[in-house]
Amino acid sequence: GENVEQHPSTLSVQEGDSAVIKCTYSDSASNYFPWYKQELGKGPQLIIDIRSNVGEKKDQRIAVTLNKTAKHFSLHITETQPEDSAVYFCAASPQGAQKLVFGQGTRLTINP
Amino acid sequence: DAMVIQNPRYQVTQFGKPVTLSCSQTLNHNVMYWYQQKSSQAPKLLFHYYDKDFNNEADTPDNFQSRRPNTSFCFLDIRSPGLGDAAMYLCATLVPGSYEQYFGPGTRLTVT
Chain U
1 GENVEQHPST LSVQEGDSAV IKCTYSDSAS NYFPWYKQEL GKGPQLIIDI RSNVGEKKDQ
61 RIAVTLNKTA KHFSLHITET QPEDSAVYFC AASPQGAQKL VFGQGTRLTI NP
Chain L
113 DAMVIQNPRY QVTQFGKPVT LSCSQTLNHN VMYWYQQKSS QAPKLLFHYY DKDFNNEADT
173 PDNFQSRRPN TSFCFLDIRS PGLGDAAMYL CATLVPGSYE QYFGPGTRLT VT
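Sequence lines, in order, name chains U and L. Each residue of the first sequence is one higher than the one before, counting from 1 in the numbering used here. Each residue of the second sequence is one higher than the one before, counting from 113 in the numbering used here.
Just to be clear, a hint being listed does not mean it is correct.
[What the hints assert, rightly or not] In silico PhoX-like links for lysine-lysine, alpha-carbon gap of 25 Å or less:
id : chain 1 : residue 1 : chain 2 : residue 2
1  : U       : Lys-99    : U       : Lys-42
2  : U       : Lys-58    : U       : Lys-68
3  : U       : Lys-37    : L       : Lys-156
4  : U       : Lys-42    : L       : Lys-150
5  : U       : Lys-99    : L       : Lys-150
6  : L       : Lys-164   : U       : Lys-99
7  : U       : Lys-22    : L       : Lys-156
8  : U       : Lys-71    : L       : Lys-164
9  : U       : Lys-99    : L       : Lys-156
10 : L       : Lys-164   : U       : Lys-22
11 : U       : Lys-71    : U       : Lys-42
12 : U       : Lys-99    : U       : Lys-22
13 : U       : Lys-71    : U       : Lys-57
14 : U       : Lys-37    : U       : Lys-58
15 : L       : Lys-150   : U       : Lys-37
16 : L       : Lys-129   : U       : Lys-71
17 : U       : Lys-42    : U       : Lys-68
18 : U       : Lys-37    : U       : Lys-99
Keep in mind that the hints were calculated from the coordinates and are not lab data.
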């Protein structure tokens with residue numbers, strides 16, 4: 001089955017700098033890759049996603065890139081702000097499975 | 113307005129005492145999921161429903177059961193909670209025509 005690895009497990013950046021979180025997946029048939037933000041005591045919230053037929057997607061300060069050949073995808077946050085501090089999870093959805101397999105999560109801390 | 117509602121938000125139960133967690137949705141989505149999330153870990157899928165069609169994950173313990181009496185409601189029953197079942201339990205729905213899963217706020221279960 002699908003396996004998703006996420007790095008780093010913790011990331012600390014200065015406010016205004018960029019943050020990058022990387023994930024790799026094992027199942028080449030996976031075709032949907034979302035990123036979720038989870039704040040303390042809350043459920044995960046979708047922040048951006050990408051399908052396998054697209055290489056890059058951007059939404060304001062957030063972007064996701066996908067390399068299908070290498071089977072990895074990355075989240076890029078620019079001009080970070082204190083409210084970006086949270087745990088971020090990547091996930092992959094095997095084709096037709098209606099399921100998500102999550103990475104282990106990255107705790108992002110933005111230092112003022 | 114909250115669209116996936118989980119009650120209660122915090123639940124304390126005794127070791128071995130059955131407990132039920134509930135989830136309701138105002139979205140009329142066909143697919144509903146239950147995840148278990150332990151501290152500092154990724155959400156782990158327990159089971160999901162496509163309408164009334166129940167799909168159990170292979171590694172979900174028999175101690176966990178679920179009911180979906182109608183489209184709006186889904187329940188998670190833990191027959192004999194152990195200390196290892198203390199976790200956040202997340203309910204989610206699948207946005208029709210997409211792969212996007214929409215999460216509720218979760219119920220934090222404590223077992224004493």
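Taking the hints in turn, this is what the structure says about them:
1. Straight-line distance between C-alpha atoms of U/Lys-99 and U/Lys-42 comes to about 21 Å, which keeps the hinted pair within the 25 Å bound.
2. Our distance criterion of 25 Å between C-alpha atoms is met by U/Lys-58 and U/Lys-68, whose separation comes to about 18 Å.
3. For the hint linking U/Lys-37 to L/Lys-156, the alpha-carbon distance of about 16 Å falls within 25 Å, and the restraint holds.
4. Between the alpha carbons of U/Lys-42 and L/Lys-150 the distance comes to roughly 13 Å, so the proposed pair stays at or under 25 Å and holds.
5. In summary, the hint linking U/Lys-99 to L/Lys-150 is supported, as the alpha carbons are separated by about 19 Å, within the 25 Å threshold.
6. Our distance criterion of 25 Å between C-alpha atoms is met by L/Lys-164 and U/Lys-99, whose separation comes to about 17 Å.
7. Restraint check: the Cα-Cα separation between U/Lys-22 and L/Lys-156 comes to about 20 Å, which is no more than 25 Å; the hinted pair holds.
8. At roughly 35 Å between alpha-carbon atoms, U/Lys-71 and L/Lys-164 are farther apart than 25 Å, so this suggested pair is violated.
9. A C-alpha spacing of about 11 Å is found between U/Lys-99 and L/Lys-156, which places the hinted pair at or below 25 Å, so the restraint holds.
10. Between L/Lys-164 and U/Lys-22 the alpha-carbon distance is near 37 Å, which puts this suggested pair outside the 25 Å criterion.
11. A distance of roughly 30 Å separates the Cα atoms of U/Lys-71 and U/Lys-42; the hinted pair therefore is violated under the 25 Å criterion.
12. A C-alpha spacing of about 20 Å is found between U/Lys-99 and U/Lys-22, which places the hinted pair at or below 25 Å, so the restraint holds.
13. Pair hint U/Lys-71 plus U/Lys-57 holds up; C-alpha atoms about 16 Å apart against a cutoff of 25 Å.
14. For the hint pairing U/Lys-37 with U/Lys-58, the CA-to-CA distance comes to about 16 Å; that is within 25 Å, so the pair holds.
15. A C-alpha spacing of about 16 Å is found between L/Lys-150 and U/Lys-37, which places the hinted pair at or below 25 Å, so the restraint holds.
16. At roughly 45 Å between alpha-carbon atoms, L/Lys-129 and U/Lys-71 are farther apart than 25 Å, so this suggested pair is violated.
17. Distance restraint check for U/Lys-42 and U/Lys-68: the Cα-Cα separation of roughly 31 Å exceeds the 25 Å cut-off, and the hinted pair is therefore not satisfied.
18. Among the hinted pairs, U/Lys-37 with U/Lys-99 is consistent with the structure: their alpha-carbon atoms are about 18 Å apart, no more than 25 Å.
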